[in-house]
Amino acid sequence: VSLLTDFGLRDPSPAILHGVILGIAPEARIVDVSHEVEKFAIRDGAFLLSLALPYLPVGVHVGVVDPGVGTDRRPIAIRVARGDVLVGPDNGLLLPATAGLGGIEAVRLLAEPRLMRPEISRSFHGRDIFAPVAAHLAASGAGFEDVGPPIDPGDLVELAFARPEIAARELRTSVVYVDTFGNVKLGATPGDLAAAIGPLRDGRRLAIRLADGSAATSIAWHDTFGLAGEGDALLYEDSYGRLCLAINRGAAATRFDLRLDDPIEIGG
Amino acid sequence: VSLLTDFGLRDPSPAILHGVILGIAPEARIVDVSHEVEKFAIRDGAFLLSLALPYLPVGVHVGVVDPGVGTDRRPIAIRVARGDVLVGPDNGLLLPATAGLGGIEAVRLLAEPRLMRPEISRSFHGRDIFAPVAAHLAASGAGFEDVGPPIDPGDLVELAFARPEIAARELRTSVVYVDTFGNVKLGATPGDLAAAIGPLRDGRRLAIRLADGSAATSIAWHDTFGLAGEGDALLYEDSYGRLCLAINRGAAATRFDLRLDDPIEIGG
Amino acid sequence: VSLLTDFGLRDPSPAILHGVILGIAPEARIVDVSHEVEKFAIRDGAFLLSLALPYLPVGVHVGVVDPGVGTDRRPIAIRVARGDVLVGPDNGLLLPATAGLGGIEAVRLLAEPRLMRPEISRSFHGRDIFAPVAAHLAASGAGFEDVGPPIDPGDLVELAFARPEIAARELRTSVVYVDTFGNVKLGATPGDLAAAIGPLRDGRRLAIRLADGSAATSIAWHDTFGLAGEGDALLYEDSYGRLCLAINRGAAATRFDLRLDDPIEIGG
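Protein chains in written order, with my numbering: chain A, 509 to 776; chain B, 509 to 776; chain C, 509 to 776.
So that you can see chain A by itself, here it is in the shape it has in the complex (with noise of 0.2 Å):
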């Protein structure tokens, strides 16, 4: 069973999902994928789960970052092709992660009551539904057609992903997420700025154009930080194969003063 929430480390929120989990499930192995995801951001929450499944083992994965707990969104669980299953609300949140993992194979409403708490809070279904549900799949004692009745995938809440514009000599896109380094995730590949500006060398010069009016800013390609010189500024392929703005030893977001869904033009 893998957990990422918004919950922050120092609540013991967390702790009450493994301690749930357990109590149904004692044999489940637990993966912390992140607690700390930024409050309320269900797309940050979308694109962490979406890069580390696919090197978890096959499992069920719950994901809450749910401002709409206790509203009228539902609870739902999705399976993959690659065997897993997929918790948590229906806004958005467990939807990117799918693709990497084989794409959806069925989706259920959560809605069996024999698989929850017996008492359902306004405003925790992490702990009083998604968690025992979860612990109920890992521990088989509940498979997946049991969680309640089939929802048609396409009704799925979407949520909306910057795609990037490959213009003549020049790539449009934007921040998708600021690691902790301060690195900067960009909506593109180097597919994407090769197929603009063609082929991408170690130590090729790029400029990069912000969106705040600046001058462009040039900066190398280079096949990793340590590469460029301490302090300079590089774009790289990430080791998820994704184009990233970063410094070596140093935090690009804050340099570049860049934030999530702030454009950048990247010319050759």
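Since the hints were derived computationally from the structure, they do not count as laboratory data.
Keep in mind that the hints are not guaranteed to be accurate.
As the list makes no split between identical chains, a pair holds if one copy fits it or if it spans any two.
What the hints assert, rightly or not - Here are the computed lysine to aspartate or glutamate pairs in the DMTMM-like style, where the Cα-Cα straight-line distance is at most 20 Å:
no., residue 1, residue 2
1, Lys547, Asp740
2, Lys693, Asp710
3, Lys547, Asp720
4, Lys693, Asp654
Using the hints provided, position chains B and C relative to the given structure of chain A.
Just chains B and C now, kept in the frame of chain A:
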């Protein structure tokens, strides 16, 4: 075995507790309740333990928020009716959690050197006393009676927690915990509030007065966050049955500048 | 298997290490020493490993503070006399911990692709090299000799750690680590201090001089925090046998504005 400390996750101290426990009880399952309790904040630690432990499987629970380590404050173990044993310093940290676990059955002083590390430091009893004793108990290598002589439960150090005042048409209470969302947990229940001002229905307007002398603020009672407008304040029953002040997708503690023990009055 | 990195707990990288390890060694017990090591701070990571590992069961320990990832710095494994294997980059991170584990027995270059992920990224060797090699060792699917050819231990990259200077009536040392309490760990032992100024008894007054040119401050030697007045500074022997500057219920690093490597002189 569960662990709650104020050690912080950057330092290796929580891992050292894991290592000491696994060295004695290799099969133990360890749940980290929190290692990010505010430094020296015994009451915060006590509050978090009382929230979390009822949801954890029966086991041995170690609590270490221990500014008096190395002085004459006593190391203790408390057995509760549910079957758990709580291990830590006698400074009030463990006591509040016992009520939710069926109440105290017996208390013992930790005084058996064979269950501790051979050398006891003056400043890290978590590593040298509490974790090894807990591990021996968890591994059934020692029974509760083996840890040391009995102590009268009435002699334990007790923390002062403010009680709510139910006045005519007004409830007077105070802040008992601010969670990582900035939600403000109060020292009263919705039942206390209803006793003062009558039934609480979704959408009912309430007037809150803070101690800073500012005018009363009108906010609504809601059954959950998502029923308030985005950015709107609400009072609601949290998932532990407690009265709580929050902002839908925001941080009430920041908006109202509230800290531990700050008084708050709520009128109908 | 234990893990120490500077990845940060918000990002999914620590969970990905867990996932990769559990995929290869499903029965492995994983202890997170820390993932909140200051970014790129190889010395901090080395110091924390050296504190923690002696208290962990014999096992495979992965360390990743690795600003040179993807350059020609070598990936290595070190076997120590206690029986542990340390896995990580050859940048000085692993070496200081070996002394507390009985010393180095042998060193190997990680060069066996069968023990790694099929594709090696340029920036995430924790996932692609270190974690899988460690998991194969932990699962006994590979012996230490299988990971690659031997390296001369004398060729390993070594960090410079300042040594204490014991002068007449004065000890000169410097800050080696600031923990999450703000306690300041110094590069000397109480034995070094006693060698300079004579026996240390609880309550003895000492004079500390900082490099900022300010006048000496008089503080007391105490056996533990709680014996100093609340808010008073003290020098004491920390729970690892190290000289440490602290404030009872406060943060010495903040009060004295001390950072890594800052010099400090202590007189009798």
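So, going through the hints one by one against the coordinates:
no., hint, verdict
1, Lys547 with Asp740, "between (31 Å within a copy, 16 Å between copies)"
2, Lys693 with Asp710, "within (19 Å within a copy, 42 Å between copies)"
3, Lys547 with Asp720, "neither (26 Å within a copy, 28 Å between copies)"
4, Lys693 with Asp654, "neither (39 Å within a copy, 37 Å between copies)"
The structure is inconsistent with the numbered hints 3 and 4, although it conforms to all the rest.
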